[in-house]
Amino acid sequence: MMLLVKDLEVRYGGITALRQVSIAVNKGETVLLVGANGAGKSSLINAVIGLVPVCGGTIEFDGNRLDRLACDRRARAGIGYSPEGRRVFPSMSVADNVLSGAFGLGRERQRKAFAWLCELFPLLAERARQPAGQLSGGEQQIVALARAMSSFPALLLLDEPFLGLAPVWIARISEAIRQMQQRGTTILMTEQMARPALKLATRGYVMRGGEVRRSGTIAEIRELALAEEYL
Amino acid sequence: MWRRARSISNVVGLGEILSVVVLALAFVIPVASDSPFTHSVANQTLIAITATFSVYIMLRMDLLTFAVPAFMGLGGYAVALAGLRGGVTDAVALTVLSFAVPALVALPLGALILRLRGVYFVLVTFVLTEILLLVIFETPGLTGGSNGLVGMPPIDLFGLSIADNRQVLAFAAGITVLAAIITAALTRYYRQHFASIEENEVLAQSLGLVVWRYKVIGFVVAAGLSGMAGFLLVNMLLTAHPTSFSPISSVNYIAYAIVGGRSSILGPIIGSTLLVWAANIFSIQGEYSQGLFGLLIMICVTLAKGGIVGTAILLWERYGPAWPWGAARASGLAADGARVRP
Ligand SMILES: Nc1ncnc2c1ncn2[C@@H]1O[C@H](COP(=O)(O)OP(=O)(O)OP(=O)(O)O)[C@@H](O)[C@H]1O
Ligand SMILES: [Mg+2]
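Those protein sequences? They're chains G and U, same order as listed. Under the numbering used here, read the first sequence as residues 1 to 231, first letter to last. Under the numbering used here, read the second sequence as residues 1001 to 1342, first letter to last.
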């Protein structure tokens, strides 16, 4: 078991964002979290990386308790994180942005990672020295994604990687995610508009109102989602 | 030739190269001029630059420090005590001492207070100087209390006594160049780390950066540099006196950094030089100069956030000819993460 979340509870002040949430992600799997706005998808992802404190329940990663660790330690334990809404460091160059996901790696491995990512996304090589804040929204999304992948994490957390992207970019990001899958990376991703993600994932959970409502294989999720008009 | 210069500037940064070159020019002053006024103001300028480097390092991580006089005092008093009580006159040993004492104090202190966010950290740094002065006043046996420590023996460098004004000034230039090299090495080596902390600390942490560790490293080196500035001050006056390290003087160093420009290592140099000379030429004393500097800080933060250097870069990029080194930031003239936009 790569990631095991048990009875997780997250509150923001008085508001309960996650209630008794339990999910499990096996090694090498790609798991999708679907749900409407405010369902609690980001809260779950952020609780796993450690950006929001948990009020109850446990999070285990590779057999070790995560919920008491600072978020930098979780990242260095092998979790790559691409936040919702294209968060880049705007005045740092594109190359520095991408490599900021791999601070811990040596220079040689950083160079290799960057070369590999440039092959996947030629944009990164073309704009390597430009400040990331000068890229378009979709281009910034690529930078955030490449940054999460640059440390070759064991678990990749992708919060709405396809949000607001043109079909060409969706295809390119899907291709990158496939390559990560081939490397054996475990992936937990969220999506509202689940279509492109459904092609990548093997299993999924449907969330609503801070709870996990259903879980199942991707075919089951697709049917559920269609029936309940998630798509 | 261009390409070679460009690849060097990638590693070291154009701003860093320029700053060391400009500071090295200070060695000319004691030879070229024999006006005591010029020597005195040049000396004050070099001390201010060294102290302001520590403000600059902290600003690289978006932290404001009022603790510069506290660490200057620690370095200055350490040197004065070593000279008076221990008879140490070797300049190299005293330089190391002036760096090490404040740095060693800053290590546990930083580990404790750098977990504080924003205003709380600023508040604690302000209180630090007050505490140091209190300790000085309460321990007259060791520190001379309100009389300070007077009558230090002149220092010597490799057997050469540094006694007259010219030699003191040349020594100050040497220490300032050293401080610039230390600042450049630190801020270039941890360029990405500092920039990501400056821009978005939480995001940096979620990517695995141990934010707190780099803040402590910056704080410790900044404290050491302040200590070196304290050494220069004590060496110029041959006295360690509490008035040299008043809490309010911290505003000056912040003004030098902000007015000069927080986005480049050239900022502290230009800001200190202009303001120290202006204060001396117009003989603005004590509180008046702080009032003026306060006003300048307000003008900068409202109208020209990048200070002199930042605004100059901005104007150049907008109206000037193409820059041979590419964008200012790419060439290292301005630091990453620096907010040069007005
Ligand atoms: N920082 C916060 N402070 C207070 N409440 C929050 C905060 N972040 C999220 N919430 C609340 O928690 C609930 C779940 O939000 P969350 O961001 O996890 O939803 P989501 O499924 O990611 O939605 P979306 O698809 O819009 O991104 C929402 O009701 C929201 O109002
Ligand atoms: Mg969300």
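Treat the hints as calculated values from the structure; they're not laboratory data. One thing to keep in mind: the hints can contain errors.
[What the hints assert, rightly or not] So the derived list for chain G, only partly shown, Cβ under 10 Å to chain U, looks like this:
| no. | residue |
| --- | --- |
| 1 | Met1 |
| 2 | Leu4 |
| 3 | Arg87 |
| 4 | Leu99 |
| 5 | Ala102 |
| 6 | Gly104 |
| 7 | Gly106 |
Cβ coordinates follow ideal geometry from the N, Cα and C atoms, glycine included.
Evaluated hints:
no.	hint	result
1	Met1	violated, 22 Å
2	Leu4	violated, 21 Å
3	Arg87	holds, 5 Å
4	Leu99	holds, 7 Å
5	Ala102	holds, 8 Å
6	Gly104	holds, 6 Å
7	Gly106	violated, 14 Å
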